[in-house]
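In the order they appear, the protein sequences are chains A and B. 6 is the number of the first residue of the first sequence in the numbering used here; add one for each residue after it. 179 is the number of the first residue of the second sequence in the numbering used here; add one for each residue after it.
Rather than coming from a laboratory, the hints here were simulated on the basis of the structure. Note that beta-carbon positions come from the ideal geometry of N, C-alpha and C, so glycine has one too. Among the hints, a few may not be true.
[Stated by the list, open to error] Quick partial rundown of chain A residues pointing at chain B, CB under 8 Å, derived from the structure:
| no. | residue |
| --- | --- |
| 1 | P52 |
| 2 | P58 |
| 3 | N93 |
| 4 | F95 |
| 5 | P100 |
| 6 | K101 |
| 7 | A251 |
| 8 | R294 |
| 9 | D300 |
| 10 | V302 |
| 11 | R392 |
| 12 | A394 |
[Claimed, not checked] Computed footprint of chain A on chain B; a stretch qualifies when at least three of its residues, placed anywhere within it, have a C-beta under 8 Å from a C-beta of chain A:
| no. | segment |
| --- | --- |
| 13 | 267-278 |
| 14 | 361-372 |
| 15 | 561-573 |
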Amino acid sequence: MTATPTAAAPFTTVIGLEVHVQLQTRTKLFCGCSTTFGAPPNTHVCPTCLGLPGSLPVMNRTAFELAVRAALALDCKIAPFTKWDRKNYFYPDLPKGYQISQFDLPFSSEGALEVVDPKGALSRNVRITRVHLEEDAGKSMHDEAAGTGDTRIDLNRAGTPLCEIVTEPDLRSPQEARAWLNELKLLLVYLGVSDCNMQEGSLRVDANVNLHIPCDGGRIAKTPIVEIKNMNSFRSVERALVYEVARQYEEWLATKAEMGKTPKQTRGWDDPAGVTRAQRHKEESSDYRYFPEPDLVPVTVSNEWLAATREAMGDPPSVLRQKLAATWKIPAYDADVLVNQGRELVAYFEDLAERVGEGKVASNWMQQDVLRTLNERGGSIDAFPVRPATVADIIGRVAKGDFDTSRAREIFAEVLASGRTVDAVVASMGIAAVDDDELITLCRELLAENPRVVADVKGGKEQAAAGLIGQAKKKNPNVNPGKVRAMCLDLIRQM
Amino acid sequence: MQPSDMSAVDLVTAVRQGDLTALRATEAFLERIERLDGQINAFLAVDREGALRTAAAIDAKRKAGKALGPLAGLPVAVKDALCTSDLPTTCASKMLAGFRPPYDAEVVARLRAADAVIVGKTNMDEFAMGGSNENSAFGPVHNPWDLTRAPGGSSGGSAACVAADMAPVAIGSDTGGSIRQPAGLCGITGLKPTYGRVSRRGLVAFASSLDQIGPMARSAADCALLLETIAGHDPGDSTSLDLPVPAYGTDLERPLEGVRIGRVPAHFGAGLDPEVAHAVEEAFAAFRAAGATIIDIDMPHADAGVATYYLVAPCEASSNLARYDGAHYGHRAEPGKGHRAEPGKGHRAEPGSAPASGGGFESALVEMYCRSRAEGFGPEVKRRIMLGTYALSAGYYDAYYAKALKVRRLIRQDYLDAFEKVDLIGGPVSATAAFKLGEKSGDPLAMYLVDLYTVCTNLAGVGGISFPCGFTKGGLPIGFQLQAPALAEPLLLRATDRYQHLTDWHRRRPAIAARPR
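Please take these sequences and the hints and turn them into a complete structure.
The structure is reproduced here in structure tokens:
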């Protein structure tokens, strides 16, 4: 990875991310309203999330626990004492005129999440500055229909728990940023912290990026930091950063403008056009007049509670990859593919591997058959109609020599398509085990029809026997190729 | 005896025993409101129909042999800072004129559950900001003892309606003295409980870390009755204390032998009216006669109380009142020419992003905010919002807000130290008896000093009670204040009750309250 300037990229790219994640709670952070997405506007509201006079917040303990779970998985320090602060600003989707957030005493800080890629292309420890909890605002929808210009406010989202995760500027390329986000998402989904659905706004990313450009005399010029917003997929994040890196380099070549000399800029990503556009200058000191939220009491975290939370949260993906590779003796690449599909698929795999007794065989079936067809069909692994016991049954019959692997895959596909049992499919496909007498007869016919092959094998070219397999299959599609080969070689030796 | 002459304790006893119907009791007070409130202006809303309906329902309940709540048939007036789902809740502000909350404050819900009869909503200083009730958008309250004088504030309506027998008891709220000071100036008894003792849910917030709801009545015994219903844990208020509620009325008669009352010599310095000083010293003498010991103590940081209060309270208020922006409810300025939003010029503000300025949508929006707030808020509310906004701003926070929090801790420590030596702290409630309407309204600083003796109680989060201890030669009531450690409400009420058994100041009624012949 390009950590230092190279001929191809005569600068170092410096990226930091700010990620907002909606926590997967049933109810909002400070009231009992539902967090379900997609309800008619302003139906999941109450005096508290509407900010009505006299209403008060009460902290949702589950939200706090989920946030702590995320912070623990990000290797953060958990503060024994944390408090809430008010961030004051006026906007119509912020009905109280302030957002309840955390300012100087976030519940966690100083963590790290590594970008893992077993192919070895990427590997970097990205430091986490802080993780804090806050309430979401509502949604403002600016109606751009001709003539009206009305703004509509939906407060269903107001008060939804949000975890804000801020990284140090440790990422060094757009690709790495995307890979890191994938890992973060995987982690948060694994822990049940968030569904990380970007389309529904459960995960939002802002990226800060600038370039460090070596100049004459060893001085490093730093381009002005740009904050990119409005990216609604990880692919957009990567594309926006690629665009922005190139744009900044060109601008630097043209203007030599450096950080500090111009104010920090916010640029919005225009996905269809594939460009970032300047939004407005971010004021250097937006004054939010933070002060401690007097309507909430500080939260103290005991070691016992923390230990119990850690206990309950299960293995993060990075640990699970190692465990899977070690337990089932599968390559790191396999473990990575399986773990990246989510906790449910790992459970399916482990069930299958347990029944088959051989991790690598189970892993191959997962990747070549289960995953491929699952991706084609869509849906979750838990709803996948062919269960591990069935797959194990098919694999078991291959081991017994009932049929070969390619036949087995046809059977798997047919079981999946028809919903019938393995026995039924085997019968309908006319697959019957070929007994030894049948096999000897078939092989003798083959040898009689192929004197050339017999001669070649006798002359020491055993691989010539491979040519017989195809012909054997034509005579009887149920024959086991390995057995045909062994039998033919035996017969030739006896000639 | 007329129901309006009866104590709250006697009223509920009479209703329970069937000697008096809830309807008769309610009618008696409604009749007085009709007759007197034109001159006093204590009520912003009177719920004649609702009150009579509730009273009739309580009588029917009794007739049917069903159990009655502890306040059955007791008319209660509620400060207009508490949300009521069946009556407007305005906080005496144009901003909330006609606003009808969709829910009842916890205290209101408890009153209803106890079978109390809510007769109306009382006038107050706008958003509870003030000490004279002159800051009401709906006109000042007149002190029943002298209609040309202020009743004190901000719970002036609640104090005046009890003083004029328009309600036997009332609910007030106290952020820096707003129950105790008007109680003192109107010659009634008012208790500010320990912070967290009574739920604040549904109390329109002024300064969240200081606000506390409390009872106002003609005696300590009546306050005890009301407090027992409204106190207690509310899971909907994170700052409410999850501790059992004592039976406040049961321990009132225990003598005061062995009780140590602190007297702060600095309270008697310049500025304290000599008539007030005399009455307060007499009250100390009465307590001594009742068996208490009087001990001089020092409260070294009390001097900084008003300055500290006028930073902490406005800072919190500036944020608490940000929600009144005209966007969702309350007063909204009519759009003027050129204030329509331009389509497509806005942006979505996500958490973490600065609200932008510029652009058609934003400028129209900011215009709407500014004009709605300029029109909706009165001058004192604006003054405090500006004070608080300024003190919380970057560059000033440490010098003002953060420093005020430090001093607040010192004041709290003063109380902890004092309560090592004494059980209660006594003294004046206000430096003078009721002042003339208009006398201080042009001078905010003079007005802020009326809180001199009361703000420290709120800063420390402890409890305080105020009750009459004499009259000026001109016939105006003089108040005495007792403060106690956190959760020592039983002692506050007991000491006051004992005093009220030795004296009759609390029984005196203003001339206006006398029944017509």
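Once the shortest beta carbon distance from A251(A) to chain B is found, is it less than 8 Å?
violated, 25 Å
Q. If you look at each residue in the segment 267-278 of chain B, do at least three have a Cβ nearer than 8 Å to any Cβ of chain A?
A. Held - the segment 267-278 of chain B has 4 residues with a Cβ nearer than 8 Å to chain A, which meets the minimum of three.
Identify whether the interface hint at P58(A) stands, where standing means a beta carbon of chain B within less than 8 Å of its own.
-> At 4 Å from the nearest chain B Cβ, P58(A) passes the 8 Å test, so the hint holds.
Would the hint on A394(A) be counted as holding, given a Cβ-Cβ threshold of 8 Å to chain B?
Since chain B brings no Cβ nearer than about 48 Å to A394(A), farther than 8 Å, the hint is violated.
When the nearest CB of chain B is found for K101(A), is that gap smaller than 8 Å? holds, 5 Å
Subject >> Hint check, P100(A) versus chain B [nearest Cβ-Cβ separation less than 8 Å] >> reply: holds, 5 Å
**Prompt:** Does the nearest C-beta of chain B fall within a distance shorter than 8 Å of the C-beta of V302(A)?
**Reply:** With a minimum Cβ separation of about 5 Å from chain B (threshold 8 Å), the hint on V302(A) holds.
Hint check: 8 Å Cβ-Cβ cutoff, N93(A) to chain B
The hint holds - N93(A) has a Cβ within 8 Å of chain B, the shortest such distance being about 5 Å.
Practice problem: Answer holds if the nearest beta-carbon of chain B is closer than 8 Å to that of P52(A); otherwise answer violated. | Solution: The hint holds - P52(A) has a Cβ within 8 Å of chain B, the shortest such distance being about 5 Å.
**Asked** If you take the shortest Cβ to Cβ gap from D300(A) to chain B, is it below 8 Å?
**Response** D300(A) check passes; min Cβ-Cβ to chain B is 5 Å, inside 8 Å.
Count residues of the segment 361-372 of chain B with a Cβ under 8 Å from any Cβ of chain A, then say if the count reaches three.
-> violated (count 0)
| task | Answer holds if the nearest beta-carbon of chain B is closer than 8 Å to that of F95(A); otherwise answer violated. | result | holds, 6 Å
Hint compliance for this structure: hints 7, 11, 12, 14 are broken, all remaining hints hold.
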